[in-house]
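**Q** Top to bottom, those sequences are chains Y and L.
Just so you know, the numbering used here puts 281 at position 281 of the first sequence, and the rest follows in order with no gaps.
Just so you know, the numbering used here puts 113 at position 113 of the second sequence, and the rest follows in order with no gaps.
Each hint should be verified, as a subset may be incorrect.
Here are the simulated lysine-lysine pairs, DSSO-like style, with alpha carbons at most 27 Å apart [to be verified]: (1) Y:242 <-> L:371; (2) Y:216 <-> L:260; (3) Y:363 <-> L:202; (4) Y:364 <-> L:202; (5) Y:216 <-> L:269; (6) Y:364 <-> Y:228; (7) L:158 <-> Y:216.
On the chain L side, residues computed to face chain Y include the following (Cβ under 8 Å) [stated by the list, open to error]: (8) 303; (9) 369; (10) 372.
Don't read these hints as lab results, they were simulated from the structure.
Glycine included, C-beta positions come from ideal geometry on N, C-alpha and C.
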Amino acid sequence: MEKVVIIRYAEIHLKGKNRGFFEHVFADNLEKSLRGIRHELHRTSGRWLVEKFEEGRAEEIAERVSNVFGVHSYSIGYLIGSSMEEIFEGAKLVAPTSGTFKVETHRAYKKYPLSSMEISAEIGGRLLETFPALKVDVHTPQNTVYIDVRENGTALVFCGSEEGVGGMPVGTSGKGLLLISGGIDSPVAGYMMAKRGMTVELLHFHSYPYTNEGAKEKVVTLAKILSKYTLVTRLTTVKVTKLQEEIHAKCAPELNVTLLRRFMFRIAESFARAHGYQCLVTGESLGQVASQTIEGMTSSNAVVTLPVLRPLVGFDKEEIIARSRKIGTYETSILPFEDCCTVFLPEHPAIRPALSFIEEEEKKLDVDALVEEALSTAEKVTF
Amino acid sequence: MIYLDNAATTRPNEEALARAQRYASENFFNPSASYGGGFAVSAEMGRARESILSRIADPAKFELVFTSGGTESDNQAIFSAARRGNAVTTSAEHAAVERAFNELKNRGVEPRFAPVDRHGAVDADALLSLVDEKTSLVSVIHVNNETGAINDIAAIAKRVKAKNPRCVFMSDGVQSFGKIPVRLTQDIDLFSLSAHKIGALKGTGGLVKRKGLTLVPLVHGGGQEGNLRSGTENVLGILDFCYATERKFATLFEDAQRLKGYREALWEKLDHSLYTRISPPDGSPYILTVSAEGTRGEVLSRMLWEEGVVVGTGSACSSKHRFSRVLTACGYGENILDGVLRVSFSPETTMREIEESALHMNAAAQRFKEKL
């Protein structure tokens with residue numbers, strides 16, 4: 001009797017002729033998530049089975065695959081021989097010992113001497129004898145014991161299932177570059193795009209020595225948490241110190257933030273094009289801060305041609321926080337390391353800057369040279 | 001690297017550490033064990049206890065409890081001694097005392113904070129006026145960790161006891177132990193120590209306690225440290241603390257004298273059009289706190305770090321907790337508070353390092369002002 005983890009997938013069955021590709025990517029992602037654990041992954045009639053691992057690690061495996069996008073649900077169960085005796089031994093291990101239950105059997109091996117109904121009835125009866133506190137309820141049972149008789153002389157038994165994260169396998173919907181700041185929003189934005197199958201890699205801007213290593217470390221921590229879902233373990237940092245100093249020295253102070261964001265977008269686009277990303281992803285939410293007005297977004301969009309995806313644009317802060325807690329990034333996001341030094345914060349940032357004014361101010365700067373300079377500071381962080 | 005942040009922590013003395021490590025790996029027995037090995041370790045710790053204690057107090061009248069550090073010692077002292085009425089302290093205490101005093105509010109004890117002067121030294125008359133018959137604890141930091149200002153704790157304790165003989169007097173001695181001469185008088189009931197400020201490892205500290213004073217433990221368990229601090233003793237840390245103390249005290253007076261000269265030399269070499277002095281001339285020889293007005297100390301400290309000069313700071317670059325609570329209490333304005341650097345020395349500091357640091361500090365403040 002061998003412990004196994006049974007994985008069911010979400011939307012892949014919708015994918016018609018592309019199904020093979022989706023399944024292949026999904027299996028790859030499962031493998032990535034299980035890196036470091038000895039196991040075998042097998043496909044079996046519409047699900048995946050993780051087998052041949054050290055038995056004590058079933059929960060750890062379940063936990064890891066639960067975070068893989070495309071996983072609809074998963075169960076820990078037993079792979080056993082298909083004799084009724086063995087099926088009963090397995091059922092005893094997974095079955096509840098009290099409350100209401102039913103047994104449901106699926107029989108892929110049609111030549112099995114008993115029908116699905118007969119198997120369910122027989123095993124159900126034996127379980128009732130073994131656990132006197134159990135009661136049968138075929139309509140709304142508290143627990144369902146599943147038996148799956150397979151064609152190769154084996155069977156699976158498990159009881160109930162846990163929900164996975166759902167979504168589409170990462171790697172099936174293109175590549176995006178997430179601008180990650182260290183705040184609450186951007187990790188959530190990255191999570192949401194990855195959930196739709198996008199490969200999301202990370203770009204972080206810092207202005208050392210005005211910001212400190214704590215801010216960068218925090219982003220690395222966020223990136224690590226995010227990588228449980230996105231399966232991407234790379235982060236690029238770009239230093240925008242020179243840029244901020246120049247803007248501060250030459251331009252209208254109320255445009256500090258607006259101008260900096262335009263530079264960040266330019267740098268990001270240039271980086272994205274060089275590395276094959278198809279879009280930029282940001283954590284902006286309409287009206288949340290002074291730079292996240294429609295005017296602010298327009299002024300940033302004006303300097304790039306790649307699409308800018310803002311999955312949180314219509315979300316309230318509370319909704320974003322709730323998601324961030326669920327993902328597990330919230331506690332890190334609220335650590336008090338500033339991603340921007342107060343030296344550069346204007347007292348009254350422009351809320352609705354006119355594009356003409358922005359462009360006029362920007363003429364005071366050597367835009368291309370500053371973008372070049374910033375890009376030259378790009379540093380890859382692997383974790 | 002020129003390391004001038006010794007008030008934050010010090011480089012562990014290698015010989016002291018090697019000696020402690022050798023002993024702790026060879027004699028790894030639990031000091032509470034009832035066989036010979038355990039007794040031997042316990043006895044060695046006893047020697048360490050006596051050695052550390054005798055440098056600052058009469059072991060016939062005081063005892064030493066080992067803790068995890070200065071913060072634990074302060075908390076142990078405060079929550080044990082301040083159990084009713086009010087508790088009086090200064091507005092320039094280390095966070096370990098200040099936060100604990102604020103917590104007293106939740107436990108029904110009224111905290112009272114006495115004002116300090118521009119250097120961070122307490123106004124003793126004002127402090128005395130806050131003490132009344134309901135005062136259960138008075139706490140006065142010995143050497144201020146942000147400015148180096150020295151409070152005359154013996155004199156203050158004497159006045160406090162004259163006014164209310166029943167209240168407990170404690171002092172945070174983390175920045176004075178092993179750095180300036182200390183002798184505990186009978187009016188001082190409790191005195192906190194930290195090992196890593198004088199060349200030993202982080203994670204060990206002590207609370208010196210007047211014999212006869214009863215304390216209530218914070219940590220309950222196996223009854224170690226006279227039932228005051230349960231938990232298997234940190235033998236390595238305690239012995240290292242002892243050996244580092246021995247070394248530090250061997251040259252305490254000469255070091256203090258020399259560093260006082262260095263402190264003044266550094267101040268002389270700093271560009272006075274850029275830097276304002278915060279530390280008093282009669283403060284700890286180990287600390288010189290200055291401010292480059294209109295800059296950000298945290299940014300300066302990182303600019304200096306990049307050039308191999310390590311100094312501390314009095315402000316953070318964040319919008320929250322931007323200004324030092326202690327220096328705010330000293331009465332400085334935002335411009336000064338923003339640009340604070342704390343330079344703190346050790347006996348290993350050399351005159352060349354002082355000279356070089358002054359050049360870098362002047363250049364960094366200059367550069368900051370040019371850019372912003």
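**Q** Now tell me, hint by hint, if it's right for this structure.
**A** Hint check:
1. Simply put, residue 242 of chain Y and residue 371 of chain L have alpha-carbon atoms about 10 Å apart, close enough for the 27 Å limit, and the pair holds.
2. Simply put, residue 216 of chain Y and residue 260 of chain L have alpha-carbon atoms about 38 Å apart, too far for the 27 Å limit, and the pair is violated.
3. A C-alpha spacing of about 54 Å is found between residue 363 of chain Y and residue 202 of chain L, which places the hinted pair above 27 Å, so the restraint is violated.
4. Taking the CA atoms of residue 364 of chain Y and residue 202 of chain L, the gap is about 52 Å. The hint is violated against a cut of 27 Å.
5. Note on residue 216 of chain Y and residue 269 of chain L: the hinted pairing is violated, with a Cα-Cα distance of about 35 Å set against a maximum of 27 Å.
6. Note on residue 364 of chain Y and residue 228 of chain Y: the hinted pairing is violated, with a Cα-Cα distance of about 44 Å set against a maximum of 27 Å.
7. For the proposed pair residue 158 of chain L and residue 216 of chain Y, the alpha carbon gap of about 50 Å is over 27 Å, so the pair is violated.
8. A cut of 8 Å between beta carbons decides the hint on residue 303 of chain L: the least distance to chain Y is about 5 Å, and the hint holds.
9. Proximity of residue 369 of chain L to chain Y is violated relative to the hint, the smallest CB-CB distance being about 12 Å (cut-off 8 Å).
10. With 8 Å as the threshold, the beta carbon of residue 372 of chain L comes within range of chain Y, its nearest partner Cβ sitting at about 6 Å, so the hint holds.
Consistency note: the structure conflicts with the earlier hints numbered 2, 3, 4, 5, 6, 7, 9.
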